[in-house]
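This is what each chain is made of:
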Amino acid sequence: KQEVTQIPAALSVPEGENLVLNCSFTDSAIYNLQWFRQDPGKGLTSLLLIQSSQREQTSGRLNASLDKSSGRSTLYIAASQPGDSATYLCAESGGSYIPTFGRGTSLIVHP
Amino acid sequence: KAGVTQTPRYLIKTRGQQVTLSCSPISGHRSVSWYQQTPGQGLQFLFEYFSETQRNKGNFPGRFSGRQFSNSRSEMNVSTLELGDSALYLCASSLAGSKNIQYFGAGTRLSVL
Numbered sequence: 041k042q043e044v045t046q047i048p049a050a051l052s053v054p055e056g057e058n059l060v061l062n063c064s065f066t067d068s069a070i071y072n073l074q075w076f077r078q079d080p081g082k083g084l085t086s087l088l089l090i091q092s093s094q095r096e097q098t099s100g101r102l103n104a105s106l107d108k109s110s111g112r113s114t115l116y117i118a119a120s121q122p123g124d125s126a127t128y129l130c131a132e133s134g135g136s137y138i139p140t141f142g143r144g145t146s147l148i149v150h151p
Numbered sequence: 003k004a005g006v007t008q009t010p011r012y013l014i015k016t017r018g019q020q021v022t023l024s025c026s027p028i029s030g031h032r033s034v035s036w037y038q039q040t041p042g043q044g045l046q047f048l049f050e051y052f053s054e055t056q057r058n059k060g061n062f063p064g065r066f067s068g069r070q071f072s073n074s075r076s077e078m079n080v081s082t083l084e085l086g087d088s089a090l091y092l093c094a095s096s097l098a099g100s101k102n103i104q105y106f107g108a109g110t111r112l113s114v115l
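Residue numbers (the numbering used here), protein chains in the order written: chain A, 41 to 151; chain B, 3 to 115.
Source of the hints: derived by calculation from the structure; they are not laboratory data. All clues stand as given, with none of them false.
Result set (DSS-like, lysine-lysine): computed pairs, CA atoms no more than 25 Å apart in a straight line:
#1 B:Lys15 to A:Lys82
#2 A:Lys82 to B:Lys59
#3 A:Lys108 to A:Lys41
#4 B:Lys59 to A:Lys41
#5 B:Lys101 to A:Lys41
#6 A:Lys108 to B:Lys101
#7 B:Lys101 to A:Lys82
Quantities reported herein were computed from a predicted structural model and do not represent experimental measurements.
Just chain A, same shape as in the assembly (with noise of 0.2 Å):
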């Protein structure tokens, strides 16, 4: 069974700050990962994908990596703002097509 494990579990931090969330995955044989934002009570929002022929991808202030041969990810949020309080998950997707996710990194930035 594939694992996905998210560290930090919770985190709050200063606006402005740069941060770094992590996602570790067992999968060798992953196809891609993605990154999501929930919003207490909502549902999921995309906010980037990675395959696996892939090393990076990055939208606005954000930044996703991928290293297959750790087994991680990492997602870089830059000049957090309060707006970015959120929980954030990973999702990877290995041979199977089915996606196994992590248990969120929960994010508070305070003004």
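Since the structure of chain A is provided, determine the placement of chain B on it from the hints.
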């Protein structure tokens, strides 16, 4: 372009009843996946439908079933509800499955009393 629509948003049922949840995917998307999210287990994959066929299935009992119609809309049914079925049920649509970006609906919050 309209997003993924899930109905109803909230449901309250009692043990032993059955429930049907609905998901309308983004126009043009042929894959619909269903997930259960609970505080204890996190987000778990239920099943995926593609072109009216179940393509993948997670590790859930047979009480959980689904189907997809020719217009790609999908329904999920849970029979003989148990207290532990209380959860946020999310559906996600994509062009062809987890190979592509998945777009999620707002979810249906099911409470079983």
